[in-house]
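4 protein chains.
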Amino acid sequence: MLIVMSPEATADQVEDVLKLVRELGFKPHPMPGATRTAIGVTGNSGPIDPSHFEFMPGVGEAIRVSKPYKLVGRDLKHEDSVVKVGEFTIGGPIPAIIAGPCAVESFEQTMEIAETVAACGVNFFRGGAFKPRTSPYSFQGLGEEGLKILAEVRNKFGMRIVTEVLDQENVDLVEEYADVLQIGARNMQNFTLLRRVGQAKKPVLLKRGMSATLDELLLAAEYIMSEGNYDVILCERGVRTFADHTRNTLDLSIVPAVQGLSHLPIIVDPSHGTGRRDKVTPLARAAIAVGADGIMIEVHTHPERALSDGPQALLPDMFVKLVEEVRSIHKVLEKNEGAS
Amino acid sequence: MLIVMSPEATADQVEDVLKLVRELGFKPHPMPGATRTAIGVTGNSGPIDPSHFEFMPGVGEAIRVSKPYKLVGRDLKHEDSVVKVGEFTIGGPIPAIIAGPCAVESFEQTMEIAETVAACGVNFFRGGAFKPRTSPYSFQGLGEEGLKILAEVRNKFGMRIVTEVLDQENVDLVEEYADVLQIGARNMQNFTLLRRVGQAKKPVLLKRGMSATLDELLLAAEYIMSEGNYDVILCERGVRTFADHTRNTLDLSIVPAVQGLSHLPIIVDPSHGTGRRDKVTPLARAAIAVGADGIMIEVHTHPERALSDGPQALLPDMFVKLVEEVRSIHKVLEKNEGAS
Amino acid sequence: MLIVMSPEATADQVEDVLKLVRELGFKPHPMPGATRTAIGVTGNSGPIDPSHFEFMPGVGEAIRVSKPYKLVGRDLKHEDSVVKVGEFTIGGPIPAIIAGPCAVESFEQTMEIAETVAACGVNFFRGGAFKPRTSPYSFQGLGEEGLKILAEVRNKFGMRIVTEVLDQENVDLVEEYADVLQIGARNMQNFTLLRRVGQAKKPVLLKRGMSATLDELLLAAEYIMSEGNYDVILCERGVRTFADHTRNTLDLSIVPAVQGLSHLPIIVDPSHGTGRRDKVTPLARAAIAVGADGIMIEVHTHPERALSDGPQALLPDMFVKLVEEVRSIHKVLEKNEGAS
Amino acid sequence: MLIVMSPEATADQVEDVLKLVRELGFKPHPMPGATRTAIGVTGNSGPIDPSHFEFMPGVGEAIRVSKPYKLVGRDLKHEDSVVKVGEFTIGGPIPAIIAGPCAVESFEQTMEIAETVAACGVNFFRGGAFKPRTSPYSFQGLGEEGLKILAEVRNKFGMRIVTEVLDQENVDLVEEYADVLQIGARNMQNFTLLRRVGQAKKPVLLKRGMSATLDELLLAAEYIMSEGNYDVILCERGVRTFADHTRNTLDLSIVPAVQGLSHLPIIVDPSHGTGRRDKVTPLARAAIAVGADGIMIEVHTHPERALSDGPQALLPDMFVKLVEEVRSIHKVLEKNEGAS
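Residue numbers (our numbering), protein chains in the order written: chain L, 22 to 361; chain Z, 22 to 361; chain V, 22 to 361; chain C, 22 to 361.
Don't read these hints as lab results, they were simulated from the structure.
Just so it is clear, the structure is predicted and the values come from calculations on it, not from any experiment.
Treat the hints with care, as some may be off.
Each pair may be met inside one copy or between any two copies, as identical chains are not told apart.
[To be verified] Subject to a maximum C-alpha distance of 30 angstroms in a straight line, what follows is the list of computed DSSO-like cross-link-like pairs (lysine-lysine):
no. : residue 1 : residue 2
1   : Lys169    : Lys223
2   : Lys105    : Lys177
3   : Lys40     : Lys88
4   : Lys169    : Lys40
5   : Lys98     : Lys342
6   : Lys223    : Lys98
7   : Lys352    : Lys342
8   : Lys222    : Lys177
9   : Lys352    : Lys98
10  : Lys91     : Lys105
11  : Lys88     : Lys222
12  : Lys88     : Lys169
13  : Lys177    : Lys342
Model the full structure from these sequences, guided by the hints.
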């Protein structure tokens, strides 16, 4: 921590700060400057709460230097984490593709989409059985019936199932059926739910909240890991900004930013990130080009009849083309990686 | 709904849209323009999902016109709602003041602060027994012990207790002790929790999410009301923006905006809204001047030792002055109201 | 400046940083910590560019501590500045009210509005003769003819004139007619224009840019002052956020934030800040309650015929009531100020 | 335009709106609904100002349907525009690469960087001779001397020169030396400057403002085109959001959004868009993958000594690798384009 005194701070006020630093068991390093004194603080094992100092007379600012997370950080574990999901992985050399409808609506709809998706060699199938909806009057998902349909997809097509959990209680249920438990953006700071999936035996896909900073996203992952579940996959899905040409603003720069600080894999969801079908393919290509560990794509054979988020679902032929493009782009990265 | 065709739409494409509108049981109103045709849709009882049309060839845009909420709106109930909390009210002619520490830390700390607050004639005491914290390593609250301390405050000082609920399970517990159940900003779209407090017998204080739009805030309240609990109080507590001079950007314009659309009372929390002690008093005055139904203020007798959010807590003498100022400002509004 | 080394930094890398600090003429203060070393830098008269260090091997972060502005800051001039405009002032004990139409549209329109405004005892009249419009096809103002009408308002009603300048060239012209030169939000970082009004003999009203940080606003004022014009008034007029219930989000917290760092007066424009008539009065009251040095309000006798921004202009009777309310609220603040 | 009456609107109020629509020369289409009446308006050649109606009693909302721009839109010109710059083009099948230092600092520095860049087969060289700086105390550029150095780069290496213009006056000067006139983000709504470059004989590179919407960007281009200069290239360079892991948030989704509405080429500047060297390469790859018509990259042989924006400049070897990668990614897109 660095404590910056205000220019009018008296010598006594500086002394009081030094004293408190020592009382808290840390070591102060006073640095008198031309207009103001700064005091470095060392000897702390974790971050120090700036509020201890900010209130003190003569203190201008207290600036945190240490990062508040541990388990998610590269300081603790340098090499990239690879999350195993059955026989497949997320975070390894090949980017993962997770595809399927926004919601499981019926057996027929789900199987039809699964067939399309599986035909592209996709390993992960997505589909919501429990849907968090902005309005209480919107379709809320099929519940356990939906989970059974998803299990059927796994049996028939061999794809691993990614599906959302909404609360502690349905984690018990979803855990029986799914391969990856998804935490939606609205629940990124539902700490009870984070702790619960931290005790689960299945990997967790954690979506970034709509206005979550990088630190908040990493601390949400830290909640899960602090309960013992180290299989966490992060997911960028667009943030809230003033921009109105897409539903959310997809922030691809968080991919290299996460990769710099954390060993966890990070994927991108351009379907929610843009909310419009015609922007999903270009931004899926961009997600792979930026270096993401995978993409999550909504596909629907009849988006006009979809019970949620139809306008962002790709039609089967658009999806087939997208898979080809992202695989070709990934080859470029791979080759250059090898070359360097 | 208004469907705007693209300039290149063919007559057949327009005809297809008209047909689908009729099939869905609505009435189309085609309006041919110089460059493009627009089609009004009527006959719907609630909002129509634009995705039915957006995918169709020739359609440029589908614009929603009806509001998606019912129970919270003034269309259904024109007069202002007044929420009863024991012998007191929130939403009536006198703005409510809710004050206390961020977290209940100990019996002594809580009683000391309660005494200060009660001496100002404040009717509502706040304090967290269960704390949602960004880091898993931060103080998480005293739990039931904290609730017992809060109940003691009610017994001794006659103030009504406002405290946060974090998940379904602790609603059962908190309901026994508290007078108002608070939903924090991070849980504004925790729909499971919203439904659960919608079944509770206590009023709910619903805080606006960090990047929630006005519609999303009202729909979150709709979730609670749709379960039968009509005693909902909204609360503005600052939103996420690029601005870095306060922790959040307090959006006071939402107060008149809510009051225009909804009958529910709305209060303001300038403590979280600014995150800095020196800005709490000016923004509390502003909140009353803008017409809010109350304010929620963090007070601490020893903020430097607070276990959470110390830098935003007012000292007792600052709080005493604030209460005087906001009461005087409210008198100005009241007088002018009477005069008009 | 504080340089934080990364945890893996070698002793040699730390040494290289210390060496460069000394070469640049500053004094390094190394502080070895448990996981990483931090290096304080003193001896600089102004801010140091972090880029000197950020590129170096082993450096994690370089954190700026000194503020980049001088003339606008309270470090240099502690007491509040009061800007004289003819016989009136902005920044003194009485909040200034600046009112008038968005644009000068005609002699009759302007005189009619001026009469209404003057009757309330308002000292400053606003009205645009040169209008910055988002579309090239919108009304762009009457130009010099508009300035002549404004001069007529001053002659007839004794109010001082505030009007916008758009570029270097029209500063020459506007300076002849106006009493205060307004820089609009879109021009807050038009540095050529800032320098030009810095050489003018008239006070400058500088509006905050739509996404300007506090530092950027103060540095824009620094540009003007660095050319010798010390009569600068700042103005908050709303910023861009995701919120869609007002045209902009009025950020009243910047008022106490500016007052903490700078001696310059700051006023608030709730007309542009909200963009909707029904929110102007509540937010004007809030602006005074937060402690602003004045407000700027758009008034129109026939807003439905206004050539720009009609929906945010107050009708005369609404304005009369607003003036009463804000004066009463100001009395409350004044009385409490006296008491403290 | 669509006018939505409020639920309480009386028949007379509806009639008044219909009357005004007719008086303004348009055709009203009333559509009575279950709870409220909507009125479509047709017969207008351009957009109608909603303020004509918003003030009227009984009107809930007036929703604009027509787009406010003409010349930039695909309605007027369907095929993509290709901007000629000497013997090269921007907007054609091959993405343009524009590279060079942030600022021209000296003859030697510029030539050294130019040599590096030219060796990669880059056709466009960038470098600022006039620099818009947030602080009046920062380096402001070499002025005409810088322009002469840039002209020398063109002579020696055959690259075309892109450089910024700050105000009307220096357009005269810059036009003599440069091949493309750049308008910076802070000047995107400096309408005087837009009109001036609209009269220039050189292509204009228009950067998106820090909080500009898609419509505002297109209308800024419309200002230039409305003066007769049709050679406009748009540029995304990051927007202001709450996110703090990059200097700005690069909004790649605006690329397909612009391409849907406008025929103008759009390029991406990941150097300013991220502000950090380690994120420039991944986001440059992403920009090409999303379909941008080019990228603009800052390169410096000695970024630690750069007078501005050193931390975002690539070192020569990083740039060489980036050029290879983006060309390979472009080939993937090209091949797939051909295949579809």
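Results for each hint:
1. Lys169 - Lys223: The answer is within: 17 angstroms in one copy meets 30 angstroms, while 37 angstroms across copies does not.
2. Lys105 - Lys177: within (21 angstroms within a copy, 56 angstroms between copies)
3. Lys40 - Lys88: both (25 angstroms within a copy, 27 angstroms between copies)
4. Lys169 - Lys40: Intra 63 angstroms, inter 37 angstroms, cutoff 30 angstroms: neither.
5. Lys98 - Lys342: Between copies, since 28 angstroms is at most 30 angstroms while 37 angstroms is not.
6. Lys223 - Lys98: within (21 angstroms within a copy, 47 angstroms between copies)
7. Lys352 - Lys342: both (16 angstroms within a copy, 15 angstroms between copies)
8. Lys222 - Lys177: Answer is within; shortest intra-copy Cα gap is 23 angstroms, inter-copy 48 angstroms.
9. Lys352 - Lys98: Only inside one copy: Lys352 and Lys98 sit 27 angstroms apart there, 37 angstroms across copies, limit 30 angstroms.
10. Lys91 - Lys105: within (22 angstroms within a copy, 46 angstroms between copies)
11. Lys88 - Lys222: Classified as within; 28 angstroms inside a copy, 42 angstroms across copies.
12. Lys88 - Lys169: neither (42 angstroms within a copy, 35 angstroms between copies)
13. Lys177 - Lys342: Classified as within; 24 angstroms inside a copy, 44 angstroms across copies.
Checked against the numbered hints given earlier, this structure breaks hints 4, 12; the rest are met.
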